[in-house]
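Participant: Sequence lines, in order, name chains B and S.
Just so we're aligned: the first sequence equals residues 0 to 304 in numbering that gives the first Met the number 0.
Just so we're aligned: the second sequence equals residues 0 to 377 in numbering that gives the first Met the number 0.
By construction, these hints were calculated from the structure, which means they are not laboratory data.
Computed from a predicted model, the values in this text were never measured in an experiment.
Just so you know, not all the hints are guaranteed correct.
[As the list claims (entries may be wrong)] Across the chosen pairs, the derived CB separations fall in these ranges: (1) S/144 <-> B/226: 56 to 66 angstroms; (2) S/129 <-> B/49: 33 to 43 angstroms; (3) S/143 <-> B/226: 51 to 61 angstroms; (4) B/222 <-> S/57: 30 to 40 angstroms; (5) S/279 <-> B/222: 48 to 58 angstroms; (6) B/227 <-> S/348: 26 to 36 angstroms; (7) S/286 <-> B/55: 40 to 50 angstroms; (8) B/156 <-> S/147: 39 to 49 angstroms; (9) B/277 <-> S/177: 34 to 44 angstroms; (10) S/143 <-> B/55: 41 to 51 angstroms; (11) B/35 <-> S/256: 55 to 65 angstroms; (12) S/147 <-> B/60: 53 to 63 angstroms; (13) S/353 <-> B/35: 53 to 63 angstroms; (14) S/347 <-> B/230: 25 to 35 angstroms.
[Said to hold, decoys possible] Calculated Cβ distances over 12 angstroms to all of chain S for the following chain B residues: (15) 39; (16) 41; (17) 75; (18) 146; (19) 182; (20) 186; (21) 192; (22) 194; (23) 196; (24) 203; (25) 212; (26) 213; (27) 265; (28) 302.
Where a beta carbon is used, it is the ideal one built from N, C-alpha and C, also for glycine.
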Amino acid sequence: MAVDSRGTADAAPQHGSGEQRPRMGFFTDTSVCIGCKACEVACKEWNAVPEDGLDFTGMSYDNTTGLGADTWRHVAFIEQRRPLGAQETGAGRAPVDLGMPAVGRPGDDPDPATLGDFRWLMSSDVCKHCTHAACLDVCPTGALFRTEFGTVVVQEDVCNGCGYCVPACPYGVIDKREDDGRVWKCTLCYDRIGDGLEPACAKACPTDSIQFGELDELRGRAAARVERLHGEGVSSARLYGADPDDGVGGAGAFFLLLDEPEVYGLPPDPVVTTRDLPDMWKHAGLAALTLLAGGVAATILGRTR
Amino acid sequence: MTTSEVTRQGVRGERPGRDAVTGGRRAPGRRKGRGRGERLMVPDADFRSYYGRPVLNQVVWADYDIAGYLFLGGLAGASSVLAAGAEFTGRPGLAGPLKAGALVAIGGSVAALVHDLGRPERFLNMLRMVKPTSPMSVGSWLLAGYGPLAGAAAAAHLAGRLRGPGRAAALGRALRGPGRAATVGAALLGPAVATYTAPLLCDTAVPAWHEGYREMPFVFVGSAAAAAGGLGMAAAPVAQAGPARAAAVLGAGLELAAAARMRRRMGMVGETYRTGRAGRLMRAATALTTAGALTGALLGRRSRAAAAAAGAALLAGSACTRFGVFHAGTASAADPKYTVAPQRARIDAADADRAAGAGGSAAGDAGAADIPVPRASA
Ligand code: SF4
Ligand code: SF4
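Same shape as in the complex, but just chain S (with noise of 0.2 angstroms):
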C-alpha cells in the first residue's frame, strides 16, 4: 500500500506503505513485495518503533552523483600516485594515461558533486570557511589543491610529447620542471583524495557507514589502487603497465580484507551489505574485482586484450564497491531496526553493568533508561 502527498502542485513523491499497528512493533513478515523480500531471510530483531518508521531522516544524495564522486575521487587519488611512480622510473606510456585519467575523473567527481547540491550555482560557499570538523569542507579544498596540480601535471605531459625544433617543443621541455613538481605534489595529495571519502560517509548517523569507520578508508584505498591499477592495465603498452599490474593485485588484496573485516565487524548492521541492492553490488564487486586482479596478474603480461578486460573488470569493480557501501548506507538508513536495536543494546550492556557495579544502590540520575518498562512483548 503506498500512499502519495497530493499538494496544490499536484502529487509530490510517495511515502512508504506502513501497517497501522499500534505499540510501534513491525508486523513480522508483513513487508512482502515491493522489491525488498531479501528482507525477510534476515531474523526480526527484537525491536520497538513508530510504526517502523525510520528513527533517521533518509540520505538525501542521487547514488549516481555520490557514489559516482567516491569512485572517481579514488581513481583519480591512487592513478596520481601510480603516475608518478611511473614517471620517476621512465615509463611515459604508464604516466600519460595515468595522468589524463586522474584529471577527467577529478574533473568528473568535482561535476557530481556541484551537480548533487541543492543550490549548485553556491557550489563555491564549500571553501567559505576551513572547518576540520566537516569532511566536506576538508574535502573541498583537497579538491581545490589537488584538481589544479593534477591539470598541470597532464597538461605538462602532453606539451612534452611535442616533438621537433619549433616553439611548440621548447615549450614542452620549459614545462618538465614544472610538469615534474605537479606530478609529485597530485602524487601526495592523491591518497587523501582518494581516502577522506570515507570520514565523509562514516561522519553520519548512518549506522552502515558510521560503525565502519575503521574499515572503509582501506575499503576505499584498496578500491582506488585496483582501479588505477585497470586504468593503467587497459591504456598503458604491456611492458610499461607492471606497476599497474601490482597495484592491480595489492588494492584487490586489501579492498576485499578490509571490506570483510568490515562486514564481520559491524554485527548486525553488516547485514545491509549482504542483502538486497547493496548486497548484490558488492557481490558483483567481489567477482570482478578479484577476476580482473587474476587475469591482469597472469595473463596481463601477455596479451593485450586481456590487460584490457581486466582493467576494464577492475574499474567497473570499483565502482561496484562504491555503489554497494553506498546503498548499504541507504538500507540501513530506511530501517529503524538498524539505529535502534543497537542502541537498545548498548543501553542493556551499560545497565547490566552498572548492576552488577553499583550493587544495591538505586540513586541514579535520572536518564533515560532508569526506569524499568515491561517491554510490550517478546
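Isolated chain B, as found in the complex (with noise of 0.2 angstroms):
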C-alpha cells in the first residue's frame, strides 16, 4: 500500500516538527478486566466529558452502551453460557449447579451439559489511534492531527462540525456532540502525556488491565500474555489490532480478547476506508469524462431530433 497515495498522515513514519518520538499507545488486556469502569469515570473526570445518558439497558452491566462523543472509554459486559479458559478440565465430572449468577431468565430450563457454565466478558475499548486513520484522512478541516506520539487528535477550536470523521471510522468511535455541534473522541490524553503523565483511564485501572507505553514494547508484552493465557488453557485468548499488517496498518491502542472481536463490537477485519480512494477517483475521473462525453453527445444528437 502505497502511502503517498493517502496522504502523510499515517503514524508509522515519524514526522513533525522533527522530532523523534516513540510511538505511544494503549494494550488493553480484557483479561484481567473486572468491569469496575474506573477507567470511563477517570477519562470523564480529567477531559470534563459531559454525561452521556442516564439510561438503563438492560446489557448486563452496560449502561454506557458504546463509543462516542461523550463515552470516550466503554466498558463492555458480556455474559456467556460458557467455561472460563482455566476451567477446562476435561475431568468429565457431571455439572453440579452452585447457584452461579446464570445466563438466561429466572424459570427457563437450562441445558444440564452447560449447566454452571458461566463466564463474564468485560472489555475497556477505546478509540484505536489507527496507524492509517480514516477520520483523519477525510478530515477537510485538519481539525483531525497526528501527534507527536502518532495519536490521533481533534482540535476543537478548528473542527466545523462537517459530520465526515463520524461515518469514516470503521470502530464507530468519534462523534458529533449534537449541542455542540463538533466532534469528540479519545485524545490518548494528549495534554498528560506531553507532561510525562500517563493517561488518566491508564492511571485508575486497578488491574492493570490497561497498559499505556511505547507501542513497540506493549505489542512485546501483549504477545508474551497471549502465550501464558494459551499455556494456561485459556485457548480463546487472542490479540486484536496488534497486526501492523492488518487493513488500518495496526492500532495504536489494541487489546487482548477473549472472543471473536464482534462479540465485543468491534469489527472482525476492519480497513480504513482511504486505502480503496485513489480508485475511487479513478472511477470518478472516468464518470466524469462520461458526462463531459455524453453533454456533448447529447448535443450532437439532439441537433437531428
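Assembling the complex is the task here: the two chains are given apart, and the hints tell you how they should meet.
Facilitator: As C-alpha cells, then:
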C-alpha cells in the first residue's frame, strides 16, 4: 500500500516538527478487566466529558452502550454460558449447579450440559489511534491531526462539525456532540502524556488491564501475555489490532480479547476506507469524462431530433 | 421498547430498544413493528454482535441537507455541460434556463452544506487546506472554483439579453466574451462537481456506500444528466430542447444500469437498496426516471405540457435516487449485520486460503483470527 497515495498523515514514519518520539499507545488486556469502570470515570473527570445519558439498557452492567462524543472509554459486559478457559479441565465430572449467576431468565430450563458454565467478558474500549486513520484522512479542515506521539487528536477550535469523520471511522469511535456541533473522541490524554504522565484511564485502572506505553514494547508484552494464557488453557485468548499488516496498519490502542471481536462490538476485519480512495478517484474521473462526452453526444444527437 | 436519555437538561434523544440476549446474537424475528417490518423478509445472516448494537457510529448528516446537496450539485454540474453545448449550437432558449438553473442549484447546494455543519460559522475552515485524501476538501475547492464560474455564466447570459442602443446593451455585448469563457469553464468543472459526491459518500466505512464505489459515480452522473435534461425540457422551448431530451434518455439509461450493477455487486449489503425507505425511494426513482425519459423522448417534441411533465418527473427521479442512496447507507450503518458479516466472510475466506496454501505450517502471526473458537451457535 503506497503511503503517498493517501497523504502523509499515517503514523508509521514519524514526522512533524522534527521531533522523533516513540509512538505511544494502549494495550488493553481484557482478561484481567473486572468491569469496575474506573477508566470511564477517570476519563470523564480528567477530560471534563459531559454525561452521556442516564440510561438503563438491560445489557448486563453496560449502560453507556458504546463509544461516542461523550463516552471515550466504554466498558463492554458480555455474559456467556461458556466455561472460562482455565476451567476447561476435561475431568468428566457431571456439572453441579452452584447457584452462580446464570445466563437467562429465572424459570428458563438450563441445558444440563452447560449447567454452571458462566463467564463474564469485560472489555474497556477506546479510540484505536489507527496507523492509517480514516477519520484523519477524510477531515477537510485539518482539525484532526497526528501528534508527535503517533496519536490522533481533534482540535476543537478548528473542527467545523462537518461530521465526515463520524461514518469514516471503521470502529464507530468518533461522534458529534449534538448540542455543541463538533466531534469529540479520546485524545490519549494528549495533555497528560506531553507532561510525562500516563493517561487518566490507565492511571486509574486497578488491575492494569489498561496499559500505556511505547507501542513496540506493548506489542511484545501482549504477545507474551497471549502465550502465557494459552499455556494456562485459555485457548480463546487472541490479540486484536496488534498486527501492523491489518486493514488499518495496526492500532495504536490494541486489545487482548477472549472471543471474536464482533462479540465486543468491534469490527472483525476493519479496513481504512481511504485505502480504496485512489481507485475511487479513478472511477469518479472516468464518470466525469463520461458526463462530458455524454453532454457533447446529447448536443449532437439533439440536432437531429 | 425504547429508553431515553434523561439528562439534567431534560430528555435528550432516544436510543433504540434492544434485547438483552446474552452472547450477542440477535434473537430472530424479535424486531417487529416500529416501521422496520420489512427487515424480516430478509433472512438473518449468521453473525454475532454486541447486543445487536451497530459497530459504526451513525451518519450525523440530515438527509434533506446532504441528499439534497448531492441532487443539487449533480443538477448544477450537468446543467453547465448542457448549457455550453446549447450556447455553441445556437440554442439560447435552452442555454439560459440551464445556466440559471445551475446557479440556483449550486447556491442551494452550498447553502445545504453550510446548514448541515455543526458550526456553520466556521464553514470557511473548509478552505483551510488542500487535502486530496478528503473528498470533502476536494469538493469544497471545486465548489469555490465552479460557483463563481456558474454565476458569471448566468449573469453574462442575462446581460446579453438586454436590447437597444443604451449602455445596458453595450454592457451585454462587452460581457459576451467573458461570459463564453465562464460557460466553458463551468462546463469543464461541472462534471467534477457532479461526480465528486460519489467518492464523498464512498470514502466512509458505511457498507452500502463504500462497497459501491466503482458504480456510484456512474449512478450519480447518469442521475445528474437526467435531471439536467429534465430541467432543460421543462424550461426551454420545444424546438430547442433536443439536447435536453437526448441527455435525459442517455442519463436515465446510465443511471439505471449502473444502479442495478451496483446492487448486484454488493452482495448481501445490496439488500439495503431494496428494503425499507431506501427501497421505496429507489423504486420511485426508477419509475419516475423511466417515465420521464420515455415521455420526453416520445412526446417531448410535440407537446409543451408533456415536456414539462417529463422534466418534472426526471428531476423528482434524480432526487429520489440521491435520497435512496443516502438512506441505504444509513440503514447499512445502523445494522451490525452489514459490517460484521462481510468482514467475517473475508476472514473465513482468507483462513481457508491459508489453510489450503500452507498445508501443515502452524506458525502464524498473532492475528485476531488465529485461534479457532467454537462459534456459539449455528
Ligand atoms: S479508531 Fe476511529 S476515531 Fe480512532 S483513530 Fe481510528 S479512525 Fe480515527
Ligand atoms: S467533523 Fe470536524 S474533525 Fe470531523 S471531519 Fe469535520 S472538521 Fe474534521
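Participant: What are the numbers of the hints the structure violates, in ascending order?
Facilitator: Failing hints, ascending: 8, 13, 17, 19, 27 and 28.
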